[in-house]
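Student: Once you've looked at the hints, dock chains B and C against the given chain A.
Each chain is listed here by its residues.
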Amino acid sequence: MQNKNWLLKRISEGILLLWIISLVSFAIVQVAPGDAALSLLRVDTVAVTTEQVEALRQEMGMNDPVYQKYFRYMGNLLKLDLGESVMTGRPVAAELSHAFPATFLLAGTSLLLTIVLVGIFGSLSSRFAGGWIDKFSTGFCLMGASIPTFWLGLLLIDLFSVRLHLLPAVGMANGGLILPSLSLAIAIAPPFIKIFRNSLIDCARQDFIRAARSRGISEKVIFMRHVLKGSLIPVVTILGVSFGSLLGGSVVVEVIFGLPGVGKLAIEAVTRRDYAIVQGFVLSIGILIFLINLAVDLSYRYLNPAISLKEAERQ
Amino acid sequence: MIQKTSWGVGLTAIFMLIILFGPWIAPMDPNVVDLSKRLQLPSAEHWLGTDQLGRDQLSRILTGGQMTVGISLMALGLSIMVGVPIGLFAGYLGGRVDWALMRLVDAFMAFPEYIVAIVISGLLGAGFFNLMFAILIVKWVGYARLVRSVVLQEKSKDYLLVAKISGAGSYTTLRRHLIPHVIGPVLALATLDIGKVILLVASLSYIGLGVQPPHPEWGSMLNEGRAYFTQASYLMIVPGMAIFLVVFVMNLLGNRLVEKFGSDRQEEGRDGITECS
Amino acid sequence: MELLNVRDLKIFCPDNRPLVHGIDFSIRAGEWFALIGESGSGKSISAFSLAGLLPNGLRREAKEIQMLGQDLASISEGKLRDLRGTDIAYVFQDYQSAFTPYFTLGKQMDEVMQAHRHWTREERQKKSWDALNEVGLEGAEAYGRYPFQLSGGQLQRAALALAMMMEPKLLIADEPTTALDAMSAAKVLDLMARLKNEKGCAVLFITHDLRCVRRYADRIAIMQNGSIIESGEKRKIFENPQEIYTRNLLASVPPLHNVPRRLPIVGEDFLEGGALCAATRNA
Chain A
428 MQNKNWLLKR ISEGILLLWI ISLVSFAIVQ VAPGDAALSL LRVDTVAVTT
478 EQVEALRQEM GMNDPVYQKY FRYMGNLLKL DLGESVMTGR PVAAELSHAF
528 PATFLLAGTS LLLTIVLVGI FGSLSSRFAG GWIDKFSTGF CLMGASIPTF
578 WLGLLLIDLF SVRLHLLPAV GMANGGLILP SLSLAIAIAP PFIKIFRNSL
628 IDCARQDFIR AARSRGISEK VIFMRHVLKG SLIPVVTILG VSFGSLLGGS
678 VVVEVIFGLP GVGKLAIEAV TRRDYAIVQG FVLSIGILIF LINLAVDLSY
728 RYLNPAISLK EAERQ
Chain B
-18 MIQKTSWGVG LTAIFMLIIL FGPWIAPMDP NVVDLSKRLQ LPSAEHWLGT
32 DQLGRDQLSR ILTGGQMTVG ISLMALGLSI MVGVPIGLFA GYLGGRVDWA
82 LMRLVDAFMA FPEYIVAIVI SGLLGAGFFN LMFAILIVKW VGYARLVRSV
132 VLQEKSKDYL LVAKISGAGS YTTLRRHLIP HVIGPVLALA TLDIGKVILL
182 VASLSYIGLG VQPPHPEWGS MLNEGRAYFT QASYLMIVPG MAIFLVVFVM
232 NLLGNRLVEK FGSDRQEEGR DGITECS
Chain C
5 MELLNVRDLK IFCPDNRPLV HGIDFSIRAG EWFALIGESG SGKSISAFSL
55 AGLLPNGLRR EAKEIQMLGQ DLASISEGKL RDLRGTDIAY VFQDYQSAFT
105 PYFTLGKQMD EVMQAHRHWT REERQKKSWD ALNEVGLEGA EAYGRYPFQL
155 SGGQLQRAAL ALAMMMEPKL LIADEPTTAL DAMSAAKVLD LMARLKNEKG
205 CAVLFITHDL RCVRRYADRI AIMQNGSIIE SGEKRKIFEN PQEIYTRNLL
255 ASVPPLHNVP RRLPIVGEDF LEGGALCAAT RNA
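Protein chains in written order, with the working numbering: chain A, 428 to 742; chain B, -18 to 258; chain C, 5 to 287.
Note that these hints are calculated values from the structure, not bench results.
Heads up, the beta-carbon is just placed ideally off N, CA and C, and yes, glycines get one too.
This list has only true hints and no planted wrong ones.
Below, a list of computed lysine to aspartate or glutamate pairs in the EDC-like style, where the Cα atoms sit at most 16 Å apart:
#, chain 1, residue 1, chain 2, residue 2
1, A, Lys647, C, Asp86
2, C, Lys238, C, Asp222
3, C, Lys83, A, Glu646
4, C, Lys130, C, Glu145
5, C, Lys173, C, Asp91
6, C, Lys203, C, Asp134
7, C, Lys14, C, Glu68
8, A, Lys647, C, Glu81
9, C, Lys191, C, Glu138
Selected chain A positions facing chain C (Cβ under 10 Å, derived; list incomplete):
#, residue
10, Ala631
11, Ala639
12, Arg642
13, Glu646
14, Arg652
15, Lys656
16, Leu730
Bound conformation, chain A alone (with noise of 0.2 Å):
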């Protein structure tokens, strides 16, 4: 019960974020060079004349003051209405509803791929300090950290599609997700696996471990159970961190790999200067990290019971 007051402390602090955002993205495009009627009529690559634009623009409601555009915004986003593309004249909110599961897919499974291989690395390299896996994996950190992760990708296209035709290049059949999750996940691990590793160390070197041992407790439980638990806290500290990095290299990811997801989609946008859809995927995307920094302390008060009952306590 304590965690519900908490919990909507937390909601009502995400609903002025949110509005916060709103601003941003509002403010941003307001701000921006160049002109969106004039993009949207030369898509045709035929000429334009200046009434022409200013006709548009005048329809778009682009000349009246700025109070005016706020409250037009912001009662279209009560109602989930982002307006229009200006690319394709279909609604933003279905443009990016349409992209989002491409992006979670990847997301997904690069999560889960950076999951094994912290897991794995981080945990060995922790077993056998100062071994040839522990150098091997700081070698292997230093470098994932270093390649440029679209070029990454790249290099993983031209060996597994093109010299060994052994996985596609694009899109997300056929385990086409395989190669640009691989990609992600290099690039986002290694922070991990360090922080992991040196948690684990740290953690197996406390004395509670050695009462637990003292006690005939196997090896594996007291890994498993108590040495685990305890590291995972500064784990999860940097995942809501690293989860910005995620999106921001899925982004590229997607344009190479040509998954149909938020990232492609936003770099068109900006690109094509398709204002709509920036201003839906920069709200969309505050929203997500809001939820994902939600997610992180919720799993921090399972970890670290201490924090809920000593704030219960202080009541």
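Tutor: What follows is chains B and C alone, placed relative to chain A:
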């Protein structure tokens, strides 16, 4: 063995020299187009082959380095010049100024770096200055937070009180006492960051949002080579390799610096063996 | 009847510097054996080494460690693990680290029972509650608590309950009361003595505080710089200490009457014992 600081510093120095003097070391003009010689494999005349317009790859790589790394260094320098003073003020003055500045930092940190950079440089348009601006927006927060936390840590120590009693004014205190403590961690963060900024610049250029052709820049070279991927994959391997090597060396150096100055000082004893004194 | 017989126990640092130089001692069934020495004398690591609890890097060698027909120096790790928690139980100096902070006491007590016996859940819960009640804690309540919710004295008593719950033949207590206030310390010691008598287990009591020794111990051994310099019946040693070190040690406990103006300094060479492994600095 490869983790020694001397390796890091040495390699960095070598790379920096090559990059700095690149255009002058280059055997040919990187912009000369010769369509009769397009897409040639590496040979005695063209050590790294030619690209789709017949330009010498090696020269382009050597010239491009200046662009890629130069832009990154400048962008990072700007970020430090903005972030460090803000952090100093926030930490030193405290109170409401601190609170307001930290809320600002939080707002900036709410979004993934990469996405902010894409949106900003995309909206502003391609080009040199827009690119630097986008990176500045994204990177200054890290330094502000770092400097602020260092200042807060030092504020609690007595020597500042002594300085105050002896009549030192704010400016002197900042300059003489606080800034020396700030330099180390900022340097450590910067060396780690430079790799990330180089990757950022290259990625943005790859998408077409940064440096535009025909200027040689490693990221945009990869972009140009995209269409010829299947025919001439070395066009893609070489610039990418250059980026990778430079970032690798910077990270190597950065890791060591972080161990010396950074916040994770608990590096000792992590080999699982108890030390005997 | 002899319960534990240790011969020529040596402990080495990773760089082969010896910390414990071949000590011998034996403990009889049901007796209270006190191992006395200053910080760094090697008393704690000697006790840890008996059941193989040395920290990473420290190495143990012994001619034999005979207990109940088994040589602890040469049996497999699996058999050693069977003994830990059942026949040999530990209580440590730092009560905070007796339990894993993010699991409840009950869960950890349960875990020990599950590791060694095949009792049903009801049986396990009953045993836990009984054990906790026996040490003066509210069994049902303490069972569901987290370690940080108990005071130091309560935690140490809970640790004792857990240790005694499996009816060990030997309880190894490493300075269990050093970190406690005088009242809690007295309670814990009384409890230990009572449980010892009731269950008939032997106690290997490690301490630098002679006051506990005087009251509870049957036999004692004095360690200095990794060697046992004197051992025997408590009364004999207190009345007629042979070594200078022992004499100074005994003399440095301030008596209630005739308090001297100055206490003697115990041996010039106690400062030499300073070069030790990091692991034993907190012993």
